[in-house]
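A.B. asks: Given chain A's structure and the hints, the job is docking chain B onto it.
Going down the list, the protein sequences come from chains A and B.
According to this note's numbering, the first sequence holds residues 90 to 518 in order.
According to this note's numbering, the second sequence holds residues 1168 to 1622 in order.
For the record, the hints were derived by calculation from the structure and aren't laboratory data.
Bear in mind that the values here come from a model prediction, so they are computed numbers and not experimental data.
You may find that some hints are simply not true.
[Claimed, not checked] Listed next, the in silico DSS-like pairs over lysine-lysine satisfying Cα-Cα at most 27 Å (straight line):
id, chain 1, residue 1, chain 2, residue 2
1, B, 1502, A, 515
2, A, 124, A, 144
3, B, 1405, B, 1428
4, B, 1405, A, 202
5, A, 137, A, 147
6, B, 1598, A, 413
7, A, 396, B, 1428
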Amino acid sequence: MHQTALAKFEFLCVCLIIFITAGFSQNAHHDVVIKNATVMTVTHGNIKNGSIYIKDGKIAAVGESVNAPATATVVDAGGKYLTPGIVDCHSHIALDDDVNEATSPVTPQMMMKDAFDYQDKAIYRALAGGVTTSLLLHGSANMIGGQAVVIKHKYGDGRDALLFPDAPRSIKFASGENPKRVYGGRDQLPSTRMGNFEVQREALVQAQDYNREWDAYNAKVKRGDKDASPPKHDLKLDALSDVLNRKLMVQIHCYRADEMLTEMTMAKEFGYNLRAFHHALEAYKIADQLAANNVGIATFADWWGYKNEAWDAIPWNAVMAMRKGVRVAIKSDSEDYTRRLNQEAAKTIRYGGATEEEALKMITLNAAWIIGVDDRVGSIDVGKDADLVIWDGYPLSTTGVPEKVLIDGEVYFDRTRPGLGTTHYKEGE
Amino acid sequence: MQPSAISHQLSASKPALSWHPRPLLLILGLGLLSILSILTSAQETAIALKGGRLLTVSHGVIENGVIVLQNGKITAVGSAGSVNIPANAQVIDATGETIYPGLIDSETQLGLTEISAEATTNDLVEMSDEIMPNMHTADAFHAESALIPVARLNGITNAIVAPDGGDTLPGQDSFIQLAGASAPEMLLIRDLALPLNFTGDERRNKGGFDKRKFPSTRMGLATQLRQAFIDAQDYKTKLTDYDHKKADAVRDKKPEPLAPKRDLKLEALIPYLEGKKTVVLAAESSSDLQTAVSLANEFKLKFVLNHISHSQPVLDYVASLKVPVIVGPIYEAPKEDERYDTVYSLPAQLYKRGVKIVFASYSAHNVRNLPDAAGFATAFGLPPDEALKAITLNAAEVWGVADQLGSLDAGKTANVVVANGDPLDVKTDVKQVYIQGRAIPMTSRQTQLRDEYSK
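Same shape as in the complex, but just chain A (with noise of 0.2 Å):
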């Protein structure tokens, strides 16, 4: 093509790709279909040329043929792949590296909200690969972290608007080598596993006798004496008190089976509601005894060797837990994994024979499952929100890459858009 026709085409172009992605944002509480996709549903199979109708930022309809009002939007993805958005359920991102108050091995009281940095580009070079929910959690450096936050990759939008709205509370627990090192190294306690649980257990006894106190007090207080004085309010205890409630879901950084199996009896002794095990490279081995306890797993495809609990880590072990009936979600951990987590899915089908399904389901509801939004957010159902990406290429590969990513129903990155490929955040803003 000559030098200005080309230049002519590449603005038409431009203009076009603006013109759809303002059409998206324009109508993101209105309507809009995407039609002309294979929707993976993630729940209820493949459809072939499929359509989504998209109101108000929520999944509407699904199927063949969608009824949509006229006036909605009309999305045509060339038949490329529609999948649910990518929810990456351990990640650390968007802290400015306060991840570990590695200060003492009991503190649930930290509150990951107070460090999230909202305008950090690993959120939206997370975006760019798929991701649309994070869990991000504290470190483990300590046998008690603290209190996780779950956000929505809306990245340009502001600090509020990232928050993923009444998701419910997780707080992160470690065990293994971490704590005992971050502590061991300063001749304090924890220095080795007898240690580290006896730390646990030690910090979940003083809540219970907290628990108690409170509810001497309000048991006075319920028989009207005027007397009763509070308990001194002390937030380490308040959150502990949260576990034992069950209010906080407890997510685990667990290597070694042995250790997994200590903690499930763990939670069982003091009834906090143990949701999954985070890493558990060593799930394989007692696939049973996690599936019996509906405890979830959070773990890598491959990685393996980088510390000793990592030995016996093998590829197979999402789909030898996911075969004994384990819900099994394969996580980043990383800034640089979240980018691709599609790509450490597909390894599933490779090592252990994941159907395409099953593999898409440890980045999306299974995920979700673990950070408690698996009614939002995770698959392609009528009335979930409508957090979608729609590929270049086949999702479960390492040639398929994100062309468009949607989060509650507006477009926030766009492949085909110069710069950034951002649509809500500007440049140098």
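C.D. replies: Just chain B now, kept in the frame of chain A:
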């Protein structure tokens, strides 16, 4: 290095053809899996893989092909019907399989580490000085590493073993084959190349001013490096003078002069100063890259480039250097203000400018994922054929072993992979790996754990 020298070194490994099976004791947890026999005997009978899709790399794709492996070499490659299968050959039906040359990883730490966080298992780099060309990865290479079978199960048959970064000159690379009874059999070439790192990470400036030691800046690093090469030049002159004086003395029947004191550090630099061996010049940013290149040119070093992950503004300059680039890792994060795919598209950008590229895993545990990096580059514009070439033939050419490795051609070493699909697809499972014509047992410590817990 001269091709003939490499041929010699490769053929020096020929005793490998008479390997005897030998059990290897591995470090295993819980005593569940105590003994793992991974070694095979020499290729005794010819093998003919028939009916597969041959990705020759050098001369296109052959559907329904035949490849014959004999005495450790590829002896014939072609379409079914065009190849004579030796009468005594074991014929293996490879219908539906994809067959390609063993993959070559252009930078690994295989054999230098076992468990990253356990210092006692690491022999990655000496940090006592920035100038350590007298370190030889071959001296530390641990042939029985449990990481090696894990890597080769995914079709990686050869690799560069390099010291970790951290020093300007951290020591010399080796070129290995991922099977063998002992280190000498696996180390095909000792001291193949010398990494020269100029990324800023070599500075000893961590902590406050009171904790710094020389060289704490790039000025310091460059000065120190320049001094090392000047010292090596002087040392070389001294050696040459001595040789002359010695020859004169012999001629004049006079007592021989005293030999200069050997200096291993400076001695190690001489083949590189003479341009006989390759320096692997690592830089990331445009400015570091240009400083490093001018240092290399100052001493007329023969070099290839490494990383250049943040040199996008000067890719035409890179192309003008007419040297190959070990590009990546492709997963390197872009700079703060850069588009998300700035590094993902770098291999394609270099390829478009005519630069010969190769990929590396820059890893030990994740060497098995080398083809994933190549596949990922294709999503950002690198043609798939070129991506495969970057982990086979291009690598063989860069490391001077293209007469032996890198493609399915008669006469080359029989390092061949049989898989159920495209090598660049993350879902593809490798069915069988042949190294020097021997079918490698498709087991590793990991497959044994899998099998143990699948009972």
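A.B. asks: Against each hint, give a clear statement of whether it holds in the structure.
C.D. replies: Hints versus structure:
Distance check on the hinted pair: residue 1502 of chain B and residue 515 of chain A sit about 17 Å apart at the alpha-carbon level, within 27 Å; holds. Straight-line distance between C-alpha atoms of residue 124 of chain A and residue 144 of chain A comes to about 14 Å, which keeps the hinted pair within the 27 Å bound. With a CA separation close to 10 Å, the supplied pair residue 1405 of chain B and residue 1428 of chain B stays within the 27 Å bound. Simply put, residue 1405 of chain B and residue 202 of chain A have alpha-carbon atoms about 66 Å apart, too far for the 27 Å limit, and the pair is violated.
With a CA separation close to 21 Å, the supplied pair residue 137 of chain A and residue 147 of chain A stays within the 27 Å bound. Pair hint residue 1598 of chain B plus residue 413 of chain A holds up; C-alpha atoms about 26 Å apart against a cutoff of 27 Å. Between residue 396 of chain A and residue 1428 of chain B the alpha-carbon distance is near 44 Å, which puts this suggested pair outside the 27 Å criterion.
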